[in-house]
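Visitor: Protein chains in written order, with the working numbering: chain A, 63 to 356; chain B, 36 to 489; chain C, 26 to 295.
Please note: incorrect hints may appear among the correct ones.
[What the hints assert, rightly or not] Restraint-style ranges between C-beta atoms, simulated for each label pair:
no., chain 1, residue 1, chain 2, residue 2, range
1, B, N108, C, A104, 46 to 52 Å
2, A, L340, B, K305, 42 to 48 Å
3, C, H151, B, K428, 45 to 51 Å
4, B, K199, C, F126, 52 to 58 Å
5, A, F343, C, W72, 36 to 42 Å
6, B, N289, A, V141, 42 to 48 Å
7, B, K382, C, K203, 52 to 58 Å
8, A, L339, B, K345, 54 to 60 Å
9, B, S167, A, T218, 38 to 44 Å
10, B, S482, C, Q73, 19 to 25 Å
11, C, L42, A, T218, 22 to 28 Å
12, C, H151, B, E483, 50 to 56 Å
FYI, nobody ran anything at the bench for these hints, they're computed from the structure. These figures come from a predicted structure and were not determined experimentally. Each residue gets a CB set at the ideal place from its N, CA and C atoms; glycine is no exception.
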Amino acid sequence: MNKYFSTKMSIFVFAAPALLLFTVFCVYPLLPEIWMSLHKHDGFRSLGFVGLDNYADAFNNSSFWTAHRNTYLIVGISVLLGLPLSMALALFMDVQPPRLRRFFKSSAMFPAILSVTVVSQIWVAFYEPNWGLFNAILKSIGLSSWTHSWLTERRTVMPSIGLVFLWQYIGLNAMLFYTGIKTIPKMYYEAALIDGAKFVQVCMRITIPLLQDVIKYVLILSTLGSMAFYSHVRVMTAGGPGDVSRTVIYQMYYTAFDTSEFGKGTAIAVIFILECLLISFLIQRFVAKEKLEF
Amino acid sequence: MSKASKTAGLILLAGLLLVASACGAKKNDAQPSPSAEPSESSTPAASNSESQAPGEKIKMRVITITTDENRNNIMEKYIKPNIAKALPNLEVEFEPGGGGEDMANKLKTLNASGDMPDVFWDDAGYFTPLKSTGSILDLTPYIAKDGFLDKYAVPDALKHFDGKIYSISSGADTYFTPVIFYHKDMFEKAGVQVPTTFDELIGISKTLKDKGMVPAVTPGKDGWGPKLYMLQQMIQIGDPQAMADLVANKTDFNNPSVKAGAARIEQLAKEGVFPDGIANLDYGPAMEMFTSKKAAMLWMFTWELPNLAKDDTVDFFPFPSAGDAYDPAKFVQFWGSPLNGYAVSAKTEHPEEAVKLAEFLAMADALYFESTGAPIALKTGNPPAESSPLMKKFIDWYNPIPTKIPSLALNSLDARTSAELSSQGANLLTGEYSADKFAEAMNKVWSENTWFDN
Amino acid sequence: MKYLSRAFWLLAGGTFLFPLYWMIAMSLKSKSEAYDNPFGVPRSWDWQNFSEALSKYPFFSYLENSLIYTLGTIALTLATGSMLAYCLSRMKWRFNAAALFYVSMGLIVPIEVVVIPLFQLIKLLHLKNSYLGLILPYSGFAMASCVLMLYAFLRSLPKELEEAACMDGANVYQTFFKIILPIVMPALVTQCVLLFMRIWNEFPLAFIIAAKDRFRPLTVGLLNFFVNVGVSDWGMIGAAMLLSSLPVIVVYLAGNEKIEQALTAGAILK
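Just chain A, same shape as in the assembly (with noise of 0.2 Å):
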């Protein structure tokens, strides 16, 4: 069968108009990327070759580092705490009665659907200090003294944004393993029920170790994802108070269009995209690595 599916020509077929989308579109852009991070440069032209003290720069810069921690706060939030919760919320969701799910399922999605300037806008409103909900809700019942500028304290800023992402990604995530528990067949569950399996022990046994594909899908996507996170910073505070918010493509951004010093911000660019290739190259090779057949 192999010699008659994968000839030359087929597999050319299949595989060459996407790879030339994803070459000419995403991957060739990234060529005068690093030219530019190997040059002084303003956005519009090279004020002269530098080596690699763009790279200096940006190791020697405490906002970059900053920038770091902020961003793998982020990954760690939404890999630690909002992957567990979303695969229970995915397993749960699938013994709760249709109605129930069926509404569950469309209200947890929500918040992923809707843009991120306005759901970064709605969370603003919701950490006002002044008239803001969280304030509201801490006066009314009494704690006063746990209110706080949730976006201008320097200790609030971060875990806040960070909640906001988890809560507007947590649903879709959950709908992905979802979808993924979906495909299992019923035939292994039955088997398992019938052996006298509790719930618990079949999620364990059976739905979780061959959900390994989609949770490693889920994985890469939800930890590049967050290492990319930007929007909602530009949105709620604009990487403020001063650089306390800033995640590393925001120093990037900062770098390159604020400041005007493309070269330094293509080079926080580069490393950055090493980082993140670093990081899909260890889950590709420890998570997931054996192959599954049913």
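Put chains B and C on the given structure of chain A with help from the hints.
Guide: Only chains B and C this time, still in chain A's reference frame:
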């Protein structure tokens, strides 16, 4: 087999191309923009030829700032209704550019890719990169020839320090200065007087706060207030000379008077003069807090004066002094920069027409500001409109002031220094950041400031 | 216990829906009420915000553009992406692993990083001021997640399907379009919804490339509305947010059912 697979492949590709061409073709149908109503009757044959047939309109692309209520009013009431009549040979497409960093980023990107609009709003914040790439036209010969230059009260004020004119505006800018607007009735209710010293200002703020009012608001998000006026104002109420020196690059952030200015912002934040979360407060919500009388004072430029004057409980006072060296009747800061205004791309295909368009837009600005009673530098030929009492009060105070210190934000900062001042200024507003740290960080950036290099 | 758990689910679902309520409530409040009563039920219903927002906001033209970008990108990405995923999961090709890794790199390149080179490329290809100017890069950037997800689903399909088709004398194209695609329909529909949400809400690239008003999608239009018109009028901002989100909500509610159906269909086939 191979033949069949080829056929299938071709069909598939054809399908893709069909999708592609369908998407591509759509926009060709939509070519004439809705604003191109007149001259519909011109012969279709003529419009196919490449040459500029008579009756054919020249296409112009304009990017303007669209940040506040004034800009909306100018567009809706002065530009759109009149442009077809004033410039019948042009078909103008307006692109809203936003403002601030959005606008700057957009123009930088367009410039980098050689896609500048014919006419655009220029700003000191992105002028340098546009000029160094030769993208901005020297308007002098054009506006001298057609006499537009003569309509300015002080034509020399339009010149950049290289002697050329890059932007034309209504000239209302030079009358924009930060003041403290306040609600008279709220002051009365709290039993406080207009302060004349910085300490009194802190004092009345405490009283206002005790009465449950927000003492003062100003936009603080991304360091808007500190960067655009507050730092300068807080320095000059103690030592105007030090401020003038800083604008001229004759001193730096080690100067004790400059540090004292930063310390005053820190003090304002710590004493609760501003509401919680001021460092993340946007322009619109800040305005709203004042106009809805939640906040007693608004620290703002006088470009909002015409709008605020509609409420007759609103009055204003100049920033109170923090030392003998400063007297509000002797020193003031002003916003103007010869670089702010409508500019023409050096790469436009029709410079003559583009300059005419820029002149029309500057005149629209002038007509609008004139209608609000604001002073302007561009003569419209209309009799001056009746000013509100508040505007009269402002002009009577502002015009006689002998020493007007230009804005630090517009006249001394390169892109990086400007961006860093925003961040550092927002830090000060949190009250969790010391003036010493601020001075140290700013000094490093200031020593690398390239604005004065050329 | 059972009721407690149900109450919990209803409450949890409610927190996710709160913004919808808030947008609707905001859009019905007058300017002053939005500040006095930001989270409560509107005291009086003020429909004016909608008419005012519509008059200052060319909603329908933006809507049409958004639809063209989104549907075009979905068609292109799903057509090419599903074929590549099939090739990588089933065909014997020397570079299978390499190609998969290569494509997965696409997940990690944020669009913001390459705005300037991308813009120059679009100009070079004469795609500026055409819908393709956004559709092609969107498709390139969406390829990675689309291929990876479909790959994951295709890999879990039993090989016997193709073997049977092969016996019946179907060639690879017939097998793919007639047998495989219908089976992975649930994944395609899910991907369709994901792509829709992603492209519909994309902002940074659209802001730069779709510079002309005629080609602007809703997101860019919405931001302009925030900074130009809305400024501090939360009632109008709420109305504009609701209008702009409405299409996506409708598609989602409709698509939601479709996903459900497709899922059961997929399960039966197995």
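Visitor: Hint by hint, say whether it matches the structure.
Guide: Hint check results:
Range check, N108 of chain B to A104 of chain C: about 49 Å between beta-carbon atoms, so the 46 to 52 Å window is met. Between L340 of chain A and K305 of chain B the Cβ separation comes to about 44 Å, which falls inside the hinted range of 42 to 48 Å. Between H151 of chain C and K428 of chain B the C-beta distance comes to about 58 Å, which lies outside the given range of 45 to 51 Å. Remark: the range hint 52 to 58 Å for K199 of chain B to F126 of chain C is upheld by a beta-carbon distance near 55 Å.
Evaluation of the 36 to 42 Å hint for F343 of chain A and W72 of chain C yields a failure: the beta carbon distance comes to about 55 Å. A C-beta distance of roughly 46 Å is found between N289 of chain B and V141 of chain A, which places it inside the suggested range of 42 to 48 Å. In this structure the supplied range 52 to 58 Å holds for K382 of chain B paired with K203 of chain C, their Cβ-Cβ distance being about 55 Å. For L339 of chain A paired with K345 of chain B, a C-beta distance near 58 Å keeps the hint of 54 to 60 Å intact.
At roughly 42 Å, the beta-carbon separation of S167 of chain B and T218 of chain A lies within the given 38 to 44 Å, and the hint holds. At roughly 55 Å, the beta-carbon separation of S482 of chain B and Q73 of chain C lies outside the given 19 to 25 Å, and the hint is violated. Distance hint check: the CB atoms of L42 of chain C and T218 of chain A are about 26 Å apart, consistent with the given range 22 to 28 Å. Restraint check, H151 of chain C to E483 of chain B: a C-beta distance of roughly 41 Å breaks the suggested window 50 to 56 Å.
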